[in-house]
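Novice: Below are the chains, spelled out letter by letter.
Protein chains: 2
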Amino acid sequence: MPQAKLKMGFKIGIIGTGNVAWHLARNLENSGHVISCVYDREIDKAKQFTLDYFNAKPTNKHNLITIDASIFIMAISDDAIEEVAGNLILPEEAHLFHTSGTKPLSALGYANTNNIGVFYPLQTFSKGKQTDISKVPFCLEAETAESKAVLSKLATSISNEVHFIDSHQRAVIHLSAVVACNFSNHMMSIAKGILESNEMSFDLLKPLVAETINKAIAIGPEAAQTGPARRKDLETLDKQYNSLQNDENVAKIYELVSQHILDYYSE
Amino acid sequence: MPQAKLKMGFKIGIIGTGNVAWHLARNLENSGHVISCVYDREIDKAKQFTLDYFNAKPTNKHNLITIDASIFIMAISDDAIEEVAGNLILPEEAHLFHTSGTKPLSALGYANTNNIGVFYPLQTFSKGKQTDISKVPFCLEAETAESKAVLSKLATSISNEVHFIDSHQRAVIHLSAVVACNFSNHMMSIAKGILESNEMSFDLLKPLVAETINKAIAIGPEAAQTGPARRKDLETLDKQYNSLQNDENVAKIYELVSQHILDYYSE
Chain A
1 MPQAKLKMGF KIGIIGTGNV AWHLARNLEN SGHVISCVYD REIDKAKQFT
51 LDYFNAKPTN KHNLITIDAS IFIMAISDDA IEEVAGNLIL PEEAHLFHTS
101 GTKPLSALGY ANTNNIGVFY PLQTFSKGKQ TDISKVPFCL EAETAESKAV
151 LSKLATSISN EVHFIDSHQR AVIHLSAVVA CNFSNHMMSI AKGILESNEM
201 SFDLLKPLVA ETINKAIAIG PEAAQTGPAR RKDLETLDKQ YNSLQNDENV
251 AKIYELVSQH ILDYYSE
Chain B
268 MPQAKLKMGF KIGIIGTGNV AWHLARNLEN SGHVISCVYD REIDKAKQFT
318 LDYFNAKPTN KHNLITIDAS IFIMAISDDA IEEVAGNLIL PEEAHLFHTS
368 GTKPLSALGY ANTNNIGVFY PLQTFSKGKQ TDISKVPFCL EAETAESKAV
418 LSKLATSISN EVHFIDSHQR AVIHLSAVVA CNFSNHMMSI AKGILESNEM
468 SFDLLKPLVA ETINKAIAIG PEAAQTGPAR RKDLETLDKQ YNSLQNDENV
518 AKIYELVSQH ILDYYSE
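These protein sequence lines map, in sequence, to chains A and B. Those letters in the first sequence? Residues 1 to 267, by our numbering. Those letters in the second sequence? Residues 268 to 534, by our numbering.
If you are wondering where the hints come from, they were derived from the structure by calculation, not from laboratory data. On a predicted model such as this, the values are computed, not experimentally measured, just so you know. It is possible that part of the hints are untrue.
[What the hints assert, rightly or not] Okay, derived cross-link-like pairs now, EDC-like style, lysine to aspartate or glutamate, Cα gap no bigger than 20 angstroms in a straight line:
id	chain 1	residue 1	chain 2	residue 2
1	B	K473	A	E222
2	A	K215	B	E478
3	B	K506	A	D78
4	A	K252	B	D530
5	A	K129	B	E478
6	B	K396	A	E211
7	B	K519	A	D263
8	A	K11	A	E92
9	A	K239	B	D345
10	A	K127	B	D311
11	A	K11	A	E29
12	A	K206	B	D530
13	B	K324	B	D311
14	A	K103	B	E502
15	A	K206	B	E428
16	B	K473	A	E161
17	A	K252	B	E515
18	A	K135	B	E515
19	A	K103	B	D500
20	B	K394	A	E222
21	A	K129	B	E489
22	B	K519	A	E248
23	B	K394	A	E211
24	B	K482	A	E211
25	A	K206	B	E478
26	A	K252	B	D514
27	B	K499	A	D78
28	A	K57	A	E42
29	A	K239	B	D311
30	B	K370	B	E349
31	A	K127	B	E478
32	B	K482	A	D132
33	B	K499	A	D79
34	B	K482	A	D203
35	B	K396	A	E222
36	B	K506	A	D166
37	B	K506	B	E522
38	B	K519	A	D247
39	B	K370	B	E410
Pulled out of the complex, with its shape left as it was, chain A reads as follows (with noise of 0.2 angstroms):
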């Protein structure tokens, strides 16, 4: 009777209280589970967050041992993954899930149970900002049989995107996401400030930027690629670049990336 259990939901300690641990409590608890505790080694944030109306138990105890849960997902900084969880003291059996998606399942190996996982959130969270989480790819990685079943369990029970990968996947899933977003955002800045060295403001391109991503989303980004690189309008390229001549550095990533967007549209 899996489904049964489904619906009746899982009990869940969260371990941490930002945004990560904020968004998946939310969700989880949207969804059926219930959220028994929410652990932060600073008492008074777990305190504010169960304010949010959860109605969990606060606790900046290690000992964890008599909390009624059966999974604890640990939504903290990377760094401190490996040290919280050797710290815990969970229930026997319980299971253990991190939520990075660049640390190893291996992080997790100082636990007191053998059931731990990987339950990465391919999105970013923003306090007071609703996702739709349905729409979240979660990508799942298990120690045992037993905690694979939970994770799948869990994930599916929020998501219409669940996906088991390996460490290796993840690795390179993140490091597309440092390519394909935080050097997008990056760009973003740069042009900002060739705008408002000249006196005007990035609200100017934000239109267009919005468009050009829902575009490249839709259509998917070659075939939504423009501009003069793309259109090998070699002219444009030299004036642009040479008006870039007071900053060495963008000059320099202007000249790369136009030079791959032409290499990687010719024959």
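Following the hints, put chain B in place on chain A, whose structure we already have.
Specialist: Chain B alone, transformed into the frame defined by chain A:
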């Protein structure tokens, strides 16, 4: 009575039949202007265009002297602007505007009118996809006081974001758009390649990409910047850089952009 004049609308000739021509014509008509004619050197394209609910006369003749219009808007490829402008025979005192972000105002220098200007919508248009034109920034430049007045009326009749800029500013805007839009889009192509060469789909990243850009637009790209370079996580930077050694050019882009982010956020 400029208000009454505006309400009556202008009579406008459209030169070109691509996406920009189509969206401008549609939105101008919706705002009470009349599209008198549509020119394309291929008459079939002009005829096809008028099938889309325009009451305009399709033509492929350079001689437009009998057309009942006071404004002609050129939305054709950059390279064709000078030649077509030199060949058209426009009614006396007619205004001729081009819509290019890169070509100078003087590209219209051979036209048989002094009332020339630039009517540059800072947006990318897709056939069949509605755009809220009222939010599209229009960057205007005029040769005569009279064309300045007409440009201003025309632009404010469809958009709330109207800016007079000079040719230098337009070049700066275009450069910043290349960096913010074309380069960001290419970052997504690179990320897609990394995923696909590891048998994963770019679809995985789409929700994260969309939210990243929403955040950059909402709170500004500097505040929105995340990732290993922003965190000064040199271990992850090294690991990711080394994992790219099978693609030297992508590795170089990774190194250069990461270094720029590191430098950008250090005091």
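Novice: With reference to the structure, classify each hint as holding or not holding.
Specialist: Going through the hints against the structure:
no., hint, verdict
1, K473/B / E222/A, "14 angstroms, holds"
2, K215/A / E478/B, "14 angstroms, holds"
3, K506/B / D78/A, "16 angstroms, holds"
4, K252/A / D530/B, "14 angstroms, holds"
5, K129/A / E478/B, "11 angstroms, holds"
6, K396/B / E211/A, "11 angstroms, holds"
7, K519/B / D263/A, "14 angstroms, holds"
8, K11/A / E92/A, "14 angstroms, holds"
9, K239/A / D345/B, "15 angstroms, holds"
10, K127/A / D311/B, "54 angstroms, violated"
11, K11/A / E29/A, "10 angstroms, holds"
12, K206/A / D530/B, "25 angstroms, violated"
13, K324/B / D311/B, "12 angstroms, holds"
14, K103/A / E502/B, "12 angstroms, holds"
15, K206/A / E428/B, "12 angstroms, holds"
16, K473/B / E161/A, "12 angstroms, holds"
17, K252/A / E515/B, "16 angstroms, holds"
18, K135/A / E515/B, "34 angstroms, violated"
19, K103/A / D500/B, "13 angstroms, holds"
20, K394/B / E222/A, "18 angstroms, holds"
21, K129/A / E489/B, "19 angstroms, holds"
22, K519/B / E248/A, "16 angstroms, holds"
23, K394/B / E211/A, "13 angstroms, holds"
24, K482/B / E211/A, "14 angstroms, holds"
25, K206/A / E478/B, "14 angstroms, holds"
26, K252/A / D514/B, "18 angstroms, holds"
27, K499/B / D78/A, "13 angstroms, holds"
28, K57/A / E42/A, "14 angstroms, holds"
29, K239/A / D311/B, "37 angstroms, violated"
30, K370/B / E349/B, "9 angstroms, holds"
31, K127/A / E478/B, "13 angstroms, holds"
32, K482/B / D132/A, "15 angstroms, holds"
33, K499/B / D79/A, "13 angstroms, holds"
34, K482/B / D203/A, "14 angstroms, holds"
35, K396/B / E222/A, "19 angstroms, holds"
36, K506/B / D166/A, "17 angstroms, holds"
37, K506/B / E522/B, "12 angstroms, holds"
38, K519/B / D247/A, "18 angstroms, holds"
39, K370/B / E410/B, "14 angstroms, holds"
Hints 10, 12, 18, 29, counting from the list given before, are not met by this structure.
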